[in-house]
Amino acid sequence: MKSSKYIEDLRTKSAAELGELLVAAKKELFNLRFQNATNQLDNTGRIKEVRKNIARIQTIITEQANAAE
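Once you know that position 49 of the sequence shown is 247 in the working numbering, the rest is easy, because the numbers rise by one and skip nothing.
In case anyone wonders, no lab produced these hints; they're calculated from the structure.
Take the hints with a grain of salt, since some may be wrong.
Claimed, not checked - Each computed DSBU-like pair below joins lysine-lysine, with the alpha-carbon atoms no more than 30 Å apart:
{"hint": "1", "residue 1": "K203", "residue 2": "K250"}
{"hint": "2", "residue 1": "K246", "residue 2": "K203"}
{"hint": "3", "residue 1": "K246", "residue 2": "K200"}
{"hint": "4", "residue 1": "K211", "residue 2": "K200"}
{"hint": "5", "residue 1": "K211", "residue 2": "K225"}
Since we're looking at a predicted model, the values are computed, not measured.
Based on the provided sequences and hints, a complete structural model is requested.
Written out as C-alpha coordinates, the structure reads:
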(Lines of atoms letter the chains of each structure in order from A and count residues from 1; the text may use other names and numbers.)
(Lines give C-alpha, C1' and ligand atoms only; values in the text may rest on other atoms or scores of the structure.)
Protein backbone atom coordinates (compact mmCIF):
# COMPACT_ATOMS: atom_id res chain seq x y z
CA MET A 1 0.00 0.00 0.00
CA LYS A 2 1.36 3.37 -1.03
CA SER A 3 0.16 5.39 1.97
CA SER A 4 1.74 3.04 4.51
CA LYS A 5 5.14 3.50 2.83
CA TYR A 6 4.62 7.28 2.94
CA ILE A 7 3.77 7.09 6.64
CA GLU A 8 6.88 5.00 7.35
CA ASP A 9 8.98 7.63 5.58
CA LEU A 10 7.35 10.36 7.67
CA ARG A 11 8.10 8.53 10.92
CA THR A 12 11.84 8.57 10.14
CA LYS A 13 11.95 12.36 9.73
CA SER A 14 12.75 14.89 12.45
CA ALA A 15 10.29 17.47 13.74
CA ALA A 16 11.97 20.22 11.71
CA GLU A 17 11.73 18.19 8.50
CA LEU A 18 8.08 17.42 9.20
CA GLY A 19 7.42 21.12 9.72
CA GLU A 20 8.99 21.92 6.36
CA LEU A 21 6.91 19.21 4.68
CA LEU A 22 3.77 20.59 6.30
CA VAL A 23 4.46 24.11 5.04
CA ALA A 24 5.16 22.79 1.54
CA ALA A 25 1.97 20.71 1.52
CA LYS A 26 -0.12 23.68 2.66
CA LYS A 27 1.37 25.84 -0.10
CA GLU A 28 0.59 23.12 -2.64
CA LEU A 29 -2.98 22.90 -1.36
CA PHE A 30 -3.38 26.67 -1.69
CA ASN A 31 -2.09 26.55 -5.27
CA LEU A 32 -4.40 23.64 -6.13
CA ARG A 33 -7.41 25.46 -4.71
CA PHE A 34 -6.47 28.58 -6.67
CA GLN A 35 -6.15 26.57 -9.89
CA ASN A 36 -9.48 24.88 -9.18
CA ALA A 37 -11.21 28.23 -8.68
CA THR A 38 -9.89 29.49 -12.00
CA ASN A 39 -10.79 26.25 -13.81
CA GLN A 40 -7.16 25.43 -14.58
CA LEU A 41 -6.97 22.24 -12.49
CA ASP A 42 -7.20 18.99 -14.44
CA ASN A 43 -6.75 16.47 -11.63
CA THR A 44 -9.17 17.53 -8.88
CA GLY A 45 -8.43 14.35 -6.95
CA ARG A 46 -5.03 15.79 -6.09
CA ILE A 47 -6.72 18.22 -3.65
CA LYS A 48 -8.08 15.31 -1.61
CA GLU A 49 -4.71 13.55 -1.67
CA VAL A 50 -2.84 16.64 -0.44
CA ARG A 51 -5.39 17.23 2.33
CA LYS A 52 -4.91 13.67 3.55
CA ASN A 53 -1.13 14.06 3.42
CA ILE A 54 -1.40 17.22 5.55
CA ALA A 55 -3.46 15.27 8.09
CA ARG A 56 -0.89 12.45 8.08
CA ILE A 57 1.97 14.86 8.69
CA GLN A 58 0.11 16.57 11.54
CA THR A 59 -0.68 13.19 13.09
CA ILE A 60 3.00 12.17 13.06
CA ILE A 61 4.00 15.52 14.58
CA THR A 62 1.45 15.02 17.38
CA GLU A 63 2.59 11.43 17.98
CA GLN A 64 6.22 12.54 18.26
CA ALA A 65 5.29 15.37 20.63
CA ASN A 66 3.33 12.98 22.87
CA ALA A 67 6.16 10.44 22.83
CA ALA A 68 8.63 13.12 23.96
CA GLU A 69 6.58 13.88 27.07
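Going down the list of hints, with the structure as the test:
| no. | hint | result |
| --- | --- | --- |
| 1 | K203 x K250 | holds (14 Å) |
| 2 | K246 x K203 | holds (18 Å) |
| 3 | K246 x K200 | holds (15 Å) |
| 4 | K211 x K200 | holds (18 Å) |
| 5 | K211 x K225 | holds (20 Å) |
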